[in-house]
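Participant: Sequence:
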Amino acid sequence: MQFPKRVTIELTNRCNRHCTECPRHQMIYSQGHINPELYTKIIQQLPADTTIVPFYRGESLLYPDFPELIGQLNKFKHVQLATNGDYLTRPNQQAILNNCTFLSISLHDYRLPSQTNHTKFLKQCRNNGIETQVSILDVYLNGSHITQFLKHWRRHVDRVRIYKTHSVNGFGSMQGTERPHGVPCSKPMEEMVVYWDGKVGLCNHDWNNLCYVGDLNSQLINEVWNSDIYEYIRKQHFNNNRRGVPSCVNCDFESNKIYGDLIYGE
Numbered sequence: 001m002q003f004p005k006r007v008t009i010e011l012t013n014r015c016n017r018h019c020t021e022c023p024r025h026q027m028i029y030s031q032g033h034i035n036p037e038l039y040t041k042i043i044q045q046l047p048a049d050t051t052i053v054p055f056y057r058g059e060s061l062l063y064p065d066f067p068e069l070i071g072q073l074n075k076f077k078h079v080q081l082a083t084n085g086d087y088l089t090r091p092n093q094q095a096i097l098n099n100c101t102f103l104s105i106s107l108h109d110y111r112l113p114s115q116t117n118h119t120k121f122l123k124q125c126r127n128n129g130i131e132t133q134v135s136i137l138d139v140y141l142n143g144s145h146i147t148q149f150l151k152h153w154r155r156h157v158d159r160v161r162i163y164k165t166h167s168v169n170g171f172g173s174m175q176g177t178e179r180p181h182g183v184p185c186s187k188p189m190e191e192m193v194v195y196w197d198g199k200v201g202l203c204n205h206d207w208n209n210l211c212y213v214g215d216l217n218s219q220l221i222n223e224v225w226n227s228d229i230y231e232y233i234r235k236q237h238f239n240n241n242r243r244g245v246p247s248c249v250n251c252d253f254e255s256n257k258i259y260g261d262l263i264y265g266e
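For the sequence shown, this note's numbering assigns the number 1 to the initial residue and increments by one for each residue that follows.
Be a bit skeptical, because a hint or two may be false.
As the list claims (entries may be wrong) - Label-pair ranges, simulated between beta-carbon atoms:
#	residue 1	residue 2	range
1	Gln-219	Arg-155	46 to 56 Å
2	Gly-32	Gly-244	39 to 49 Å
3	His-145	Asn-117	14 to 24 Å
4	Asn-128	Tyr-87	18 to 28 Å
5	Asn-128	Met-27	30 to 40 Å
6	His-145	Leu-97	37 to 47 Å
For the record, the hints were derived by calculation from the structure and aren't laboratory data.
Predicted, not measured: the structure shown is a model, and the values here were computed from it.
Even for Gly, the Cβ is constructed at its ideal location relative to N, Cα and C.
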């Protein structure tokens with residue numbers, strides 16, 4: 001492929017919350033916001049059928065000009081955003097309604113819809129054809145909680161996702177089964193992650209850019225995507241030698257497929 005199918009663009013890696021389960025505690029990367037000129041440069045290079053994910057290690061709605069940046073994504077068929085919901089101001093809501101195709105709100109404690117301010121906006125999203133999700137970690141739910149949580153939230157969103165607590169030690173410290181022999185990870189073949197400073201990392205589980213593959217301040221996306229280092233990494237996966245890739249040494253993404261394997265639709 002000349003371009004990746006899915007591109008994660010980090011608007012900021014800053015967050016207003018300090019959740020103990022978040023791998024941000026293991027992040028040694030400097031913090032900041034993406035340069036708006038760099039952001040525009042990146043967006044202009046990508047074809048309309050690229051799936052754009054305008055968030056990564058931080059809370060994207062903290063970005064000062066969030067509506068302006070999201071407004072540049074209206075050419076894309078798929079724009080997927082996750083937020084903690086703390087900064088759903090009217091301008092931010094309108095930007096999401098106008099430009100996103102998927103919205104996930106992450107809850108950080110056990111709350112029913114009536115205990116949040118999200119239900120009206122979620123209804124607007126669904127009326128606009130935006131797929132909606134609410135997510136929560138399993139540690140916030142006990143057996144009785146799950147039943148009530150699902151019963152009430154499924155009235156307001158398309159999908160409820162209950163994540164296993166997978167990042168107590170940060171990404172890259174997974175304790176999972178080995179990937180089946182000869183099965184490469186899909187991420188180096190389909191996805192690209194752009195950090196707020198324009199550096200390119202291998203995937204969204206590489207929180208500290210252990211596997212630097214490029215810099216969009218000086219390179220074009222297709223140059224990075226088709227570079228020798230990317231091809232080397234792909235060959236390592238196809239040859240069942242992911243242990244030779246720093247970002248992939250301890251990751252069990254493909255064996256578990258997704259970390260949030262408890263997903264409930266309508």
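Participant: Next step is simple, just say for each hint if it's right about the structure.
Facilitator: Hint check results:
1. Gln-219 - Arg-155: 46 to 56 Å: holds, 47 Å
2. Gly-32 - Gly-244: 39 to 49 Å: violated, 31 Å
3. His-145 - Asn-117: 14 to 24 Å: Holds, at about 21 Å.
4. Asn-128 - Tyr-87: 18 to 28 Å: Once the Cβ atoms are compared, 19 Å apart, the range 18 to 28 Å for Tyr-87 and Asn-128 holds.
5. Asn-128 - Met-27: 30 to 40 Å: Holds, at about 34 Å.
6. His-145 - Leu-97: 37 to 47 Å: Since His-145 and Leu-97 have Cβ atoms about 31 Å apart, the given range 37 to 47 Å is violated.
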